[in-house]
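Enquirer: So the protein lines, in turn, are chains A and B. Numbered according to the numbering used here, the first sequence terminates at residue 437, and the numbering increases by one at each position without gaps. Numbered according to the numbering used here, the second sequence terminates at residue 437, and the numbering increases by one at each position without gaps.
Treat the hints as calculated values from the structure; they're not laboratory data. The structure presented is a predicted model; accordingly, all values stated were derived computationally and were not measured.
All copies of an identical chain are treated as equivalent in the list; a pair is satisfied when it fits inside any one copy or across any two copies.
Computed cross-link-like contacts, EDC-like style, restricted to lysine to aspartate or glutamate with a CA-CA straight-line distance of at most 20 Å:
#1 K166 <-> D101
#2 K295 <-> D150
#3 K166 <-> E145
#4 K272 <-> D307
Number of protein chains: 2
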Amino acid sequence: MTSLQPHGTSLSGTSQPPTSHPARHQEKHHRHQARSVAEHAAAVAELLQPLRSPGRTEVLPLGEALGRGLVKDVTAPISLPPFANSQMDGYAIRSADLPDDGGELRVMRPVPAGASPDALQRGTAAPIMTGAMLPEGADAVVPIERAVPDRFLPPTKQSTAQATVKLPAAAPGTYVREAGSDVQAGQTALGAGTFLGPAQLGLLAALGIPEVTVYRAVTVLLVTTGDEVVEPGQDLPAGKIYDSNGTLLETAMRQAGLEVRRAGIVTDNPGKLRELLRAEGAAVDLIVTTGGVSKGAYEVVRQAMEDQPVEFLHVAMQPGGPQGIGTFDGQPFLGFPGNPVSCLVSFEMFLRPVLGRLLGAPAPRLPIRARLGQPLTSPENKHQVRRGTLQPDGTVELQGGESSHLMHALAGSNVLLHVPQGVAELGAGAEVEVWML
Amino acid sequence: MTSLQPHGTSLSGTSQPPTSHPARHQEKHHRHQARSVAEHAAAVAELLQPLRSPGRTEVLPLGEALGRGLVKDVTAPISLPPFANSQMDGYAIRSADLPDDGGELRVMRPVPAGASPDALQRGTAAPIMTGAMLPEGADAVVPIERAVPDRFLPPTKQSTAQATVKLPAAAPGTYVREAGSDVQAGQTALGAGTFLGPAQLGLLAALGIPEVTVYRAVTVLLVTTGDEVVEPGQDLPAGKIYDSNGTLLETAMRQAGLEVRRAGIVTDNPGKLRELLRAEGAAVDLIVTTGGVSKGAYEVVRQAMEDQPVEFLHVAMQPGGPQGIGTFDGQPFLGFPGNPVSCLVSFEMFLRPVLGRLLGAPAPRLPIRARLGQPLTSPENKHQVRRGTLQPDGTVELQGGESSHLMHALAGSNVLLHVPQGVAELGAGAEVEVWML
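The shape of chain A in the complex, shown without the other chains:
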């Protein structure tokens, strides 16, 4: 593992270098000077950079590589299509054999898909099936529907070479899929870092490639903390709430292709938390906690990390401002805040995109433009992330307010909506960036 500089000066991977980047001692003294979203994403990228090491790759059959990221460029070993073939069921012809008003051609042996046909003689037409190799000499296909007769003759009659067919003229190339028209042998078929979904894996299969080198799945130890949280299914004493962070983050991470180990709920006892992290943290790639990172009097995660190179800071983001970042006994560590919406926003803003850029997976959230269905306000010095539902007409309806505890509103949303730093209010109809969940 390389040395970690979660708040170092390198900002590779972000599009927006900050004008001033606080060094560690400044951060501690000016604790109200918040780090920008881009700066924190860069710090997370630097923390997780070692996940990109060659030792963390594996070779998988295509079917098992779904949802992983490609380690190296894949060069096409063959062209696609590998040979010129017919786009239709019909007759393969030499276009020069037919005058402009069409004519009659002698019918040769049919060419089924998969066959390697004989060359086409002048003045003949070969019945040809969709996808079948075009015979040498043929340069066009007339669909069966345009032939007279408009259905194929029985094979016995065809092979006697006495049958003829009346066909209209066709320009060279008509209904022919040229060799290499999709991709040429030697071209880069997929670039390093490509997310492998069904279409990308289907392309590898079409190229005859049966297995692929991908980054290993990232394993996470997920620990939810707090004296106030109780496991779902148990009794709920006064003042307590059920833990939703564990389920929310575990399933969000698994949906993104991470492997998650849950460690139950840790109460506000720093010693117990340290014990747990020592017992289970070494076996994973990353430790993620929820809660206990802000400025209250009982911040278990802060307390457990006292002798570790972990920084607790404020990101200029709402919700999800308080964040912890560093290492615990050398293992990468991220401390998310305790409210469920803050947790999910932290994952979506920092961990998910950073892993996608580093390892090609998960796939990025595609940013799309939408128009606000109603006005909103936002703290001007923060990047605000709201929840909403994208309507078929391209407007987005806000769900719930800006508060980070609104799980029901989150469950009714299908997008995250971004209000950048520097914006204090937006009117109905204003264009905003949204990410589909």
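With chain A fixed as given, assemble chain B onto it according to the hints.
Expert: Using the frame of chain A, we list chain B on its own:
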């Protein structure tokens, strides 16, 4: 299993009833009269309706229910939040205790999150942590940053009841999350048929519900056919191509939460295909084949289904027009065409949305509006599905042409783009519906 009428007159689930619906004998005679996309989707829905039976449900812990559909409405057993609580680390106060210009209050015992606090006496302020229960009598919270001093006193000093804090005035309700402000006990928290993603499962956890009744995963027997296809990794004889349909559809189905059994490649031998379907078809919910459904001379799937109630027809869609639908030995059967893009479009247009509507999973593709980056043409009598990449500015660039063999172009796309029946051409800048892949 109920009787199947894949081309029956019921069109429940479609928004667009046809003006005339061909009965079976008409379909056979007028084979150029294509079925609309909506009609075929309705036929698939009718075929798969039995998957919705009560016998196909199961109860799963939340973590295992990711990606499934909810069978019944879930009523909130508790309100969220369960009690009024603080949105900030700060001081819980009675707002009436402070004049407009603020004042000094005696500091009481702090309220950590998870505690059940004593009532707040007049003229006092209780240090309170984010998420902690508001003491009876308190009606507002002043954030610690606005207090003097602006950090909490050591617990020893607080409990002596000699300490005071200077606070600004606050209106009733300030920084208080009221009980039930997210969802009220007795309200429907999630409706039947809801797709269970991280946010929905997180909500169930927040409500204290540890397990949930969902529809079982649908199992599919996937058979790719054709004399021309060879497994990736083997040698490629002249005239042959590698099978990409198997990988493409298997991974698309698995990504959508289906369980897939692959049966390798079946050559153009109808007897062997029947044998395979008899051996393996009874153990699955649905049989899907690719290839062998159009009007060529060697259509193995058509031939294998000769004595089965299966219809082969043309849907007014490009690509993916030729389709088979019915039952094989009583098991639901869909025959997709043989080109890879046609396969994927068939899955996305018929199987995926129909399962989503029937079983709540997979999640629907959210339709969004985009502007064409370049003009296109489309057969006016068909619904055309093109591939493209959605740009950050909301335009969509077409990838590849309309041809259905272009796997490389598909692998470079992130959206499907819809050109409805009745539209022959669209100019650059025209608004179209796209589905994100």
